[in-house]
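Asks: Each chain, written out:
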Amino acid sequence: DTGVSQDPRHKITKRGQNVTFRCDPISEHNRLYWYRQTLGQGPEFLTYFQNEAQLEKSRLLSDRFSAERPKGSFSTLEIQRTEQGDSAMYLCASSLWSSGRAVETQYFGPGTRLLVL
Amino acid sequence: DQQVKQNSPSLSVQEGRISILNCDYTNSMFDYFLWYKKYPAEGPTFLISISSIKDKNEDGRFTVFLNKSAKHLSLHIVPSQPGDSAVYFCAASEGSNYKLTFGKGTLLTVNP
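Protein sequences, first through last, are from chains A and B.
Under the numbering used here, residue 117 is the last one in the first sequence; the count climbs by one each step, no gaps.
Under the numbering used here, residue 1112 is the last one in the second sequence; the count climbs by one each step, no gaps.
Errors might be hidden in some of the hints.
[Claimed, not checked] In silico lysine to any residue, SDA-like type, Cα no more than 25 angstroms apart, as pairs:
#1 B:K1099 <-> A:R31
#2 B:K1068 <-> B:D1031
#3 B:K1099 <-> A:K14
#4 A:K11 <-> B:Y1039
#5 B:K1099 <-> A:Q54
#6 B:K1071 <-> A:F74
#7 A:K14 <-> A:M89
#8 B:K1071 <-> A:N51
#9 A:K71 <-> A:T20
#10 A:K57 <-> B:K1054
#11 B:K1054 <-> A:L96
#12 A:K71 <-> A:K14
#13 B:K1054 <-> B:K1068
#14 B:K1104 <-> A:L61
#15 A:K11 <-> A:E28
#16 B:K1104 <-> A:Q6
#17 B:K1005 <-> A:L39
#18 B:K1099 <-> A:N51
[Unchecked claim] Pairwise CB distance ranges (calculated):
#19 A:F74 <-> B:T1045: 31 to 37 angstroms
#20 B:K1005 <-> A:K71: 35 to 41 angstroms
#21 B:S1010 <-> A:S62: 31 to 37 angstroms
#22 A:R22 <-> B:K1005: 30 to 36 angstroms
#23 B:L1107 <-> A:N18: 32 to 38 angstroms
#24 A:D7 <-> B:E1015: 35 to 41 angstroms
#25 B:K1056 <-> A:S73: 36 to 42 angstroms
#26 B:E1094 <-> A:P70: 26 to 32 angstroms
#27 B:N1111 <-> A:Q54: 28 to 34 angstroms
#28 B:Q1014 <-> A:Q54: 31 to 37 angstroms
[Stated by the list, open to error] Cβ-to-Cβ under 10 angstroms is the rule here; a few derived chain B residues that face chain A:
#29 V1004
#30 Y1036
#31 N1067
#32 K1068
#33 G1083
#34 S1085
#35 A1091
Source of the hints: derived by calculation from the structure; they are not laboratory data.
In this text the structure is predicted, and so the values were computed from the model without any measurement.
We put the beta carbon where it would ideally sit given N, CA and C, even for glycine.
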């Protein structure tokens, strides 16, 4: 396993269109995170899953955004009715969590760069 | 409000010298801190981390220092190499809520 993968790496779309991104985590990792990074900023948390359960969503995640992890493996992030303000790098990260671990380290994928025209 | 701050947008050092990157935080509940390195068009790569029960963690050329009373951490790279040139992000998490809060990053340039 070579790490977290994301597809596509780049997406150009027109305002109002829907887009969907996919993330495949490191195979044994049970937690999966989505972040968004805009120019000049650090990544910002959007949402995360433990197995198939979505445990937290940021207020940044408007109702146009939906994320799923149906079988606890890969995840998809869909943006409906895209706006120019959605243009950003969307990053996925995964980690191995257990109740006995004091800390966990998140490993990031290469990201999907979205441009909304 | 920025809970994790990297006040230096950029840093330039000579090859072989020490690079010191700084990070300040405001949330006293943060108890785990990480440094990531990011090249253009790639995702962040994990470098090193430190738990709040420690004040120093070392891994090869990289050392992270944590000063809890000052809410400050720093990353030392010795010796610096041109391949270290990248954006470095400081990140923090709180307890069992492992979502990361990032700073804005510092662009490190190591000149040959």
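Asks: None of the hints should be skipped; say for each whether it holds.
Replies: Now the hints, each set against the structure:
1. B:K1099 <-> A:R31: Within the cut-off at roughly 11 angstroms; holds.
2. B:K1068 <-> B:D1031: At roughly 9 angstroms apart (the allowed maximum being 25 angstroms), D1031 (chain B) and K1068 (chain B) satisfy the hint.
3. B:K1099 <-> A:K14: 31 angstroms, violated
4. A:K11 <-> B:Y1039: 20 angstroms, holds
5. B:K1099 <-> A:Q54: Judged against 25 angstroms, a Cα distance of about 13 angstroms means the pair holds.
6. B:K1071 <-> A:F74: 37 angstroms, violated
7. A:K14 <-> A:M89: 16 angstroms, holds
8. B:K1071 <-> A:N51: 33 angstroms, violated
9. A:K71 <-> A:T20: Roughly 17 angstroms separates the two Cα atoms, so the pair holds.
10. A:K57 <-> B:K1054: Violated. K57 (chain A) to K1054 (chain B) sits at ~31 angstroms, over the 25 angstroms cutoff.
11. B:K1054 <-> A:L96: 22 angstroms, holds
12. A:K71 <-> A:K14: 31 angstroms, violated
13. B:K1054 <-> B:K1068: Given that 25 angstroms is the threshold and the Cα spacing comes to 9 angstroms, the pair holds.
14. B:K1104 <-> A:L61: Given pair K1104 (chain B), L61 (chain A) holds - Cα atoms ~20 angstroms apart, limit 25 angstroms.
15. A:K11 <-> A:E28: With a Cα-Cα distance of about 28 angstroms, the restraint between K11 (chain A) and E28 (chain A) is violated, given a limit of 25 angstroms.
16. B:K1104 <-> A:Q6: 23 angstroms, holds
17. B:K1005 <-> A:L39: With a Cα-Cα distance of about 16 angstroms, the restraint between K1005 (chain B) and L39 (chain A) holds, given a limit of 25 angstroms.
18. B:K1099 <-> A:N51: 15 angstroms, holds
19. A:F74 <-> B:T1045: 31 to 37 angstroms: Given about 21 angstroms between the Cβ atoms, the range is violated.
20. B:K1005 <-> A:K71: 35 to 41 angstroms: 39 angstroms, holds
21. B:S1010 <-> A:S62: 31 to 37 angstroms: Taking Cβ atoms as reference, S1010 (chain B) and S62 (chain A) lie about 33 angstroms apart, which means the hint holds.
22. A:R22 <-> B:K1005: 30 to 36 angstroms: 33 angstroms, holds
23. B:L1107 <-> A:N18: 32 to 38 angstroms: 35 angstroms, holds
24. A:D7 <-> B:E1015: 35 to 41 angstroms: 37 angstroms, holds
25. B:K1056 <-> A:S73: 36 to 42 angstroms: 38 angstroms, holds
26. B:E1094 <-> A:P70: 26 to 32 angstroms: 29 angstroms, holds
27. B:N1111 <-> A:Q54: 28 to 34 angstroms: Violated, at about 46 angstroms.
28. B:Q1014 <-> A:Q54: 31 to 37 angstroms: 48 angstroms, violated
29. V1004: 8 angstroms, holds
30. Y1036: 7 angstroms, holds
31. N1067: 19 angstroms, violated
32. K1068: This hint is violated: K1068 (chain B) lies away from chain A, its Cβ roughly 16 angstroms from the closest one there, beyond 10 angstroms.
33. G1083: This hint is violated: G1083 (chain B) lies away from chain A, its Cβ roughly 18 angstroms from the closest one there, beyond 10 angstroms.
34. S1085: 18 angstroms, violated
35. A1091: The hint holds - A1091 (chain B) has a Cβ within 10 angstroms of chain A, the shortest such distance being about 7 angstroms.
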